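Chemist: Single-letter residue listing:
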Amino acid sequence: MPAPSSAADTQKGRSEPGAGGAARRRSAPPRRQRQGQRKGWYKVVRQSRPVKLVGRRLPRRAKRILRAARKWQRERAEELRCRWRRSLQLRVVTTTLALSALVIAVLGFFLTQQIADGLLLNKERSATAQVSQGLTVAESSPLLNRAPSAPAIADSFLYPTAQELQNASGNNGSYDVVIEVNQNRVTSPVYTGGVVDGADPTKSIPFALTASVQAEQNSGGASKMFYAPTMIVSTLGRASQPGLAVAVPLGNYYQLYFLFPMRQEQQTLQLVQRTLAGAGLALIVLLAVIASLVTRWVVIPVRHAAQAAQRLTAGRLEERMRVRGADDLAALATSFNDMAASLQDKLRELEELSKLQRQFVSDVSHELRTPLTTIKMAAEVLLEAKDGFDASSARSAELLQGQLERFQELLEDLLEISRHDANAATLDADSVDICDLARRAADDAQQLAERRGGRIEFRLPAEPCLADADRRRVERILRNLLVNAVEHGEGNDVVVTVAGDRDAVAVAVRDHGVGLKPGQDQLVFDRFWRADPARARTTGGTGLGLAIALEDAQLHGGWLQAWGVPGKGSVFRLTIPRVAGQKLAGSPLPLVPDDTDMIPSLGDVVSGGLVIGATAPAPGAETGPLDHAGPVGGTGVGTRG
Amino acid sequence: MKGRVLVVDDDAALAEMLGIVLRGEGFEPTFVSDGDKALDVFRDTRPDLVLLDLMLPGTDGIDVCRQIRTESGIPIVMLTAKTDTVDVVLGLESGADDYLVKPFKSKELVARIRARLRRTDEPAPEMLQIGDISIDVAGHSVKRDGEALNLTPLEFDLLVALARKPRQVFTREVLLEQVWGYRHAADTRLVNVHVQRLRAKIEKDPERPEIVVTVRGVGYKAGPA
Chain A
1 MPAPSSAADT QKGRSEPGAG GAARRRSAPP RRQRQGQRKG WYKVVRQSRP VKLVGRRLPR
61 RAKRILRAAR KWQRERAEEL RCRWRRSLQL RVVTTTLALS ALVIAVLGFF LTQQIADGLL
121 LNKERSATAQ VSQGLTVAES SPLLNRAPSA PAIADSFLYP TAQELQNASG NNGSYDVVIE
181 VNQNRVTSPV YTGGVVDGAD PTKSIPFALT ASVQAEQNSG GASKMFYAPT MIVSTLGRAS
241 QPGLAVAVPL GNYYQLYFLF PMRQEQQTLQ LVQRTLAGAG LALIVLLAVI ASLVTRWVVI
301 PVRHAAQAAQ RLTAGRLEER MRVRGADDLA ALATSFNDMA ASLQDKLREL EELSKLQRQF
361 VSDVSHELRT PLTTIKMAAE VLLEAKDGFD ASSARSAELL QGQLERFQEL LEDLLEISRH
421 DANAATLDAD SVDICDLARR AADDAQQLAE RRGGRIEFRL PAEPCLADAD RRRVERILRN
481 LLVNAVEHGE GNDVVVTVAG DRDAVAVAVR DHGVGLKPGQ DQLVFDRFWR ADPARARTTG
541 GTGLGLAIAL EDAQLHGGWL QAWGVPGKGS VFRLTIPRVA GQKLAGSPLP LVPDDTDMIP
601 SLGDVVSGGL VIGATAPAPG AETGPLDHAG PVGGTGVGTR G
Chain B
1 MKGRVLVVDD DAALAEMLGI VLRGEGFEPT FVSDGDKALD VFRDTRPDLV LLDLMLPGTD
61 GIDVCRQIRT ESGIPIVMLT AKTDTVDVVL GLESGADDYL VKPFKSKELV ARIRARLRRT
121 DEPAPEMLQI GDISIDVAGH SVKRDGEALN LTPLEFDLLV ALARKPRQVF TREVLLEQVW
181 GYRHAADTRL VNVHVQRLRA KIEKDPERPE IVVTVRGVGY KAGPA
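Order-wise, the sequence lines are chains A and B. Quick note: the first sequence uses my numbering, first residue 1, plus one each step. Quick note: the second sequence uses my numbering, first residue 1, plus one each step.
Quick caveat, the hints were computed from the structure, so don't treat them as lab data. Just so you know, these numbers come straight off a predicted model, no measurement behind them. Among these hints, one or two may not hold up.
What the simulated footprint calls covered on chain A by chain B, stretch by stretch (three residues with Cβ under 8 Å from a Cβ of chain B suffice, anywhere in the stretch; the number is not a length) [to be verified]:
{"#": "1", "region": "72–80"}
{"#": "2", "region": "370–376"}
As a list, the in silico PhoX-like pairs of lysine-lysine whose alpha-carbon atoms are at most 25 Å apart [what the hints assert, rightly or not]:
{"#": "3", "chain 1": "B", "residue 1": "K201", "chain 2": "A", "residue 2": "K355"}
{"#": "4", "chain 1": "A", "residue 1": "K386", "chain 2": "B", "residue 2": "K105"}
{"#": "5", "chain 1": "B", "residue 1": "K143", "chain 2": "B", "residue 2": "K201"}
{"#": "6", "chain 1": "A", "residue 1": "K386", "chain 2": "B", "residue 2": "K107"}
We treat Cβ as the ideally placed atom computed from N, Cα and C, and that holds for glycine.
Let's have the full structure, built from the sequences with the hints guiding it.
Modeler: Here it is in structure tokens:
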């Protein structure tokens, strides 16, 4: 379609004087300078002052405003990004909006193009018919082949013919007729008024069209039509309108032009464009709304499912989703409910099992303890009277007494560990001084150590190490560690170190005995595990001590960890949080001892370590430089059940 | 020394064994195996001490303990097969002075019985004052504003031990030794439960004690913090 050029023209017309003015101004200063330089300088200085003032104030304010604007923009952008990430609905709606807008724009463009082409083609077709008809009429004029040597001769042909052709257009005229005489013969073309009042033929008919039709005429061709889109320019100052110019050679001297205004076609096209734009916009909005609704249908049940799952995780096992209909979402809800029900059943089963186990432990405890009490008291009576017995009876009484003690210890430990297994162990937490507990726990081990020729050495901080702990359990853990250390310490000294930081307190029991072989570090906490089965069992022990100690430590939310190197002794470290149940981040004491003479001469091999605990801490931070090589070392072990 | 001991236990073998041990130590045991009959036998025999099994047919040990406590402050030692804190605390809260977990040594049993009976020695006349509580040690009475408070002998001993040295902090172990007479640390839960029972009787608001105050991480003391 031909584009209206009037707007561009006026713009150009306006800009020209402006450019001229600027040029004049640029050339002005030299003239003024010549008139009086001093005056000019003075003026410049005086003028510059307010400029400077404004200049100083303005940037600051502008900067502040700019900064605020940028901050606002950043915040909005962040908010939007956050919403974009979090809302599936927003993403779907935006994507739908963008894609549908793109598709509709492309579609609209092609549609408009097609319609415009069709309209033009149609116009050309009807124009061809009308022009052929007009041509026949014009060619029938006897004056056609008379050379227009004078304007009068030309006029005598032009006026009547043009008038006749124009009349054929009808009252509401669908075209204008212009007949031109070859430029070299008659200067002025002829125009007869038609549809467009005062159409200017010279401006309305493109030069290219005139040129091609004249060239055709000169080459001797005839009745070939030329088409060109054009703007029909009005001489009366009215708005130009698009039109189709058709040219055909008329005889040897004239060219016949038909100007078909295309206002109607343009209106039709504009209407189509408007309709398309409106429909497209409505369609986009509709699509967005549909997308929004559809995602809502999907997203809301999904959100419900997420909420239900959260509540389920929080322990509300009776939580269920509402099932509506039989679609995919209903299937989601149904399977969610099935899962919840199955979880609930399993948990109930486990609870039941745990309760049963607890009851069993309690029953066994009672049923075994009562007769054991009688046996024990009877054995004591027998032992007291053994002086009156013969040798074998007296020895039997002694053995009975000794084994009864062992039996009792084993029973206690078994009951304790099954209490842990049944999750029936409870923490009787109280504020206790760990130093105090360590000292008290050492009482039993001290006697054993003295018999072995060693000592128990304490390294305690000056102030008490308070922590929320179960006195009985912590003391039992420490007693176990100490007896173990003395038993495997080969008569060397045992060092007990206590330390505390803001979050935790720790006790490390260091012995300089046989140590632990690689891999044994994990095994020490196993039930009934013995370092060396061939070793004489001098001090007895049930084999459950460390297993119970580990369970006790975990009950506090603490760690019980072991480190050892063969021949260089071992370290057992208990760490418990100051506040019961708080998660441990680290221990106030190192697991690997810093007495570096312990390091075997294996070059850069430093030490091995083992980490066992309720939660596996970072082994690197805990155990110092760890290079697993050679016979030294242990492995990091994760959570134990 | 008075030595009549009432043994409430349903296990015939254990009861007989207890009898052998107690007689051997010079006590006079009487036996009852049914919880329902325990109170009647208690009234008939007026023993100096009761050995009470926690698990009994009929009325269980805890109820028997409560029944005896309503009419007498005599020492009650519980025998229990349960070591869980809940059970121990429940037993002590029902009014028992002490408890023994089965299986126990006969020496330990005898030591505890003797410790509970020892306090019959006549104390010197002595008056103590803690807050608004006045204690007549010889007269074995505790009064607030002239109104008598009913304490068991053990609770009385606990209060006297704390009141004799006001503002001194006693660890649980020291209290076990002084009040219960145990040289080798027994279960410190004994102290906790009895301090609570004592507070319930003597404090205006047991939730915010003013007479027997807890010192975190150490123990207890008498008097304002």
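Chemist: When you check the alpha-carbon spacing of K386/A and K105/B, does it fall within 25 Å?
Modeler: 17 Å, holds
Chemist: Are the Cα atoms of K201/B and K355/A separated by 25 Å or less?
Modeler: 36 Å, violated
Chemist: Quick check: the region 72–80 of chain A, covered by chain B? Criterion 3+ residues, Cβ under 8 Å.
Modeler: This one is violated; 0 residues, fewer than the three required, reach chain B with a Cβ under 8 Å.
Chemist: Decide if the proposed pair is consistent with the structure: K386/A and K107/B, CA atoms, cutoff 25 Å inclusive.
Modeler: 17 Å, holds
Chemist: Just to make sure I understand the rule, a stretch counts as covered if three or more of its residues have a C-beta closer than 8 Å to a C-beta of the chain. Does the region 370–376 of chain A meet that for chain B?
Modeler: holds (count 7)
Chemist: Sort out whether K201/B lies within 25 Å of K143/B, counting only the CA atoms.
Modeler: This hinted pair holds, its Cα atoms lying about 11 Å apart.
Hints 1, 3 from the earlier list are contradicted by this structure; the remaining hints agree with it.
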